[in-house]
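S.K.: Okay, here's what each chain looks like letter by letter:
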Amino acid sequence: MIRKTTNQKGWLFVAPVVLLVAFNAVIPLMTVVNYSIQETFGDNVFFFEGVKWFEEVLHSERFHAALMRQLAFTGMILAIEVPLGVAIALAMPRKGPWVSVCLVLMALPLLIPWNVVGAMWNIFALPDIGLLGRTINALGIDYNFTRQPGSAWFTLILMDVWHWTSLVVLLAYAGLSSIPDAFYQAAKIDGAGAWAIFRYIQLPKMKRVLTIAILLRFMDSFMIYTEPFVLTGGGPGNSTTLLSIDLVKIALGQFDLGPAAAMSLIYFLIILLLSWVFYTLMTRNEAN
Amino acid sequence: MTRYKWLVPALYIIFLMLPIYWLLNMSFKTTNEILGSFTLFPAEFTLDNYRKIFTDSTWYMGYVNSLTYVVINTVISVTVALPAAYAFSRYRFVGDKHLFFWLLTNRMAPPAVFALPFFQLYSAVGLFDTHIAVALAHCLFNIPLAVWILEGFMSGVPKELDETAYVDGYPFWRFFIKIFLPTIAAGIGVAAFFCFMFSWVELLLAKTLTSVEAKPIAATMTRTASTSGYELGLLAAAGTLTIIPGAFVIYFVRNYIAKGFALGRV
Amino acid sequence: MARIHLDQIRHSYLASPSAEDDWALKRLDLEWRDGGAYALLGPSGCGKTTLLNIISGLLQPTEGRVVFDGTDMTEVPPEARNIAQVFQFPVIYDTMTVYDNLAFPLRNRGMEERGVDARVREIADMLDLTETLGNRAAGLTADGKQKISLGRGLVRSDVNVIMFDEPLTVIDPHLKWVLRSKLKELHQRIARTMIYVTHDQTEALTFADRVVVMHEGQVVQSGTPVELFEKPQHTFVGHFIGSPGMNVLPCMIDSGKCYFAGAEIKTSNTVSAGSKDTAYEIGIRPEFVKLSRKGIAVEIVKVADAGRYRIVEAQRDGHTIRLLAKEDAEVPGRGTAHVSFDPGHTQIYANGWLA
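Chains as they are written, first to last, in my numbering: chain A, 1 to 288; chain B, 1001 to 1266; chain C, 2001 to 2355.
For the record, the hints were derived by calculation from the structure and aren't laboratory data.
It is possible that some hints are incorrect.
Here are the simulated DSSO-like cross-link-like pairs (lysine-lysine), alpha carbons at most 30 angstroms apart as the crow flies [unchecked claim]:
# : chain 1 : residue 1 : chain 2 : residue 2
1 : A       : K95       : B       : K1097
2 : A       : K207      : B       : K1097
3 : A       : K205      : B       : K1097
4 : B       : K1097     : B       : K1178
Being a predicted model, the structure only gives us computed values, none of them experimental.
Between the sequences and the hints, there should be enough to build the whole structure, so can you do that?
M.R.: What follows is the structure in structure tokens.
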């Protein structure tokens, strides 16, 4: 830990950052708050509405449905990507030329524009011309993600696993490579089996990076928009309409600014709250 | 068991490569072949799709636009984040912790929430449809990220380095540029990599803030997909080309990635 | 409990070693007596850790056999060798309590809880860890953690040998002494073979009954601390052990007599006829060089006070000779003086090795 000196000049150093981020964060946030408590019939005429929109959003079936879908989606991808990512990181070579080959190839999906990810999976999963869709149907399973909600969800989850598991792998791998060889040697001498090594050496050392992996995957999956929008457009029906997709539909599609703004704020608060809960839960032990 | 351990990453990488291969495969096919038959390799190998992209300015300008705002954003984000990260890692000042936390909350703001206000804000200041608009908008999530990563690296540099330099009579800015920055070069590389990455992959804000002049390649693709029907080969070629800049960047920073992640600051 | 024999061991980290320098360990053959306290002493990179890892089974030697009590253990994995090792940096299981850390090796071997408890408490008592048994191991200081690593080795009653790989590196100087005496005490109490790797001669000489000195992948001498001091088998040992180290001066051999700077030197060993291809040197410790009326004329260049004695640095024909003078002895500050060597402690070395 670095011992810090009190120096109010610090504000000078952070001023450019504060100005730029505030410009992007504070003004739009005020706009959103402003809309969320007013009603408009166009022509820039607004009427104060208080918390009406908040009540409306919180009581709307549509919002509940989107929130439930969002929670289901985020829950599923966390349940798959975190254990899978850890397993892959454990199986990766620790030294040698294959390490950078693995890292480069695995990082590739992270660098593909999100709509291209959606488009790529659309082409890949189409039942008539896609490799995946064609293969599944050839196995005798009726699969069409543009028509069946089940297939759409399967494709959506698989796409996210494809897209983001590497992030967990890279983080977990970095955590693993920070473990000195002596720990493995000591464990060997102590007669520890593979499970004991994982449980008492590797997992504790990965805890910090895994906390970050879970937080990041939670936040990012909760905000996901582009990939499902391009892949399924929220369909078939509303079956894959996640929170962001619904929000954009309301705001830009129907131009219902009041409800959209209220929903935005509720949405943002949910992410903040859940992130905080996650973070507290995962770091609680360390404090003791 | 350990003998077959390599199968796990190998199978995973194959899984990662399959959709990319399919995209590549399609990009070399004619529209007729894509729609008319199911082939694992292009039967009539064609470069027409790529030719179209490289000759039609609405296509290739998309790449130029994207790279332009991504580079501007990376430069801005890292430049302003450097002094801020230095202050967070070295000084204590009124409100520092709250400020740091507030910066990080912006990483949690869904772009969908900000799309419309951003459109209005940047229209109002007359920056709509410019590269700088997108570059500035992406600062919302990239600056907090860059500050976070750089602060991690800077905290790893002992304060004695600063003190020795002052004793040797270096003025602050000369010390910062000549001595301090080279010391955390790896951190700057990692921060720039992630800024590049998140700006390059983001579409919602980029699309909302542009119409013609600064339209990103990703937006060109979505519009093509929806308006001109089934030009899948062209779409696949355009998609393939968007992977290349990312692949280049990863290749150059491959040795730093693990290190950057190791700090757990992403 | 076992006698350990390293039978014609050679090791290289390269796939196909060819040149002599490719070998991290050049051929060596060593016996470790059961219950002995050994130190493996040498500078960084001399192959100490390699040798240790070969004994523990973390490394397979390229050539040769590792034999415990007549049984070939070369192919046996570390967990089956019944050895314990304390590493340079404390290895503890962060998430466990001190108690669970100590119990870990026993539980892994399927020992029943009653036996585990008795054993853990006994060892904790030995190491003064009883009061911290319930604490999280992560919160302990470096010396506490090192005690736990040691405890994990002691807790098993079937351990053949306990090895220490520079265990005091991260310990505060004033605690090093405490921990070192604790180790010595433990060795006398449990009488188990211990091998202590270090580059610090004080640690080695105070801990061990027998010190093995290594240099560039070979064992240059193995002996008691007194032997190492009085009869270094190699000039390296003379240099490395003692402070200041042994004086090594080039000499000439002529019909069985030894000459330095034109003067005949009486030595404890003799070389009958010198060969041309061999470099001869005489070695004498500063403790056995005296200022005298007659003898070899030298130029005194420096006198340093080292507490109970003074280190006098003198020169003759560009060669430095150091000697120790008592605090109250009269030492000319500068200028010409004469020195004489104690014949009983002056040795001739041929190409570095005791002739």
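S.K.: Which hint numbers doesn't this structure obey?
M.R.: Failing hint: just 1.
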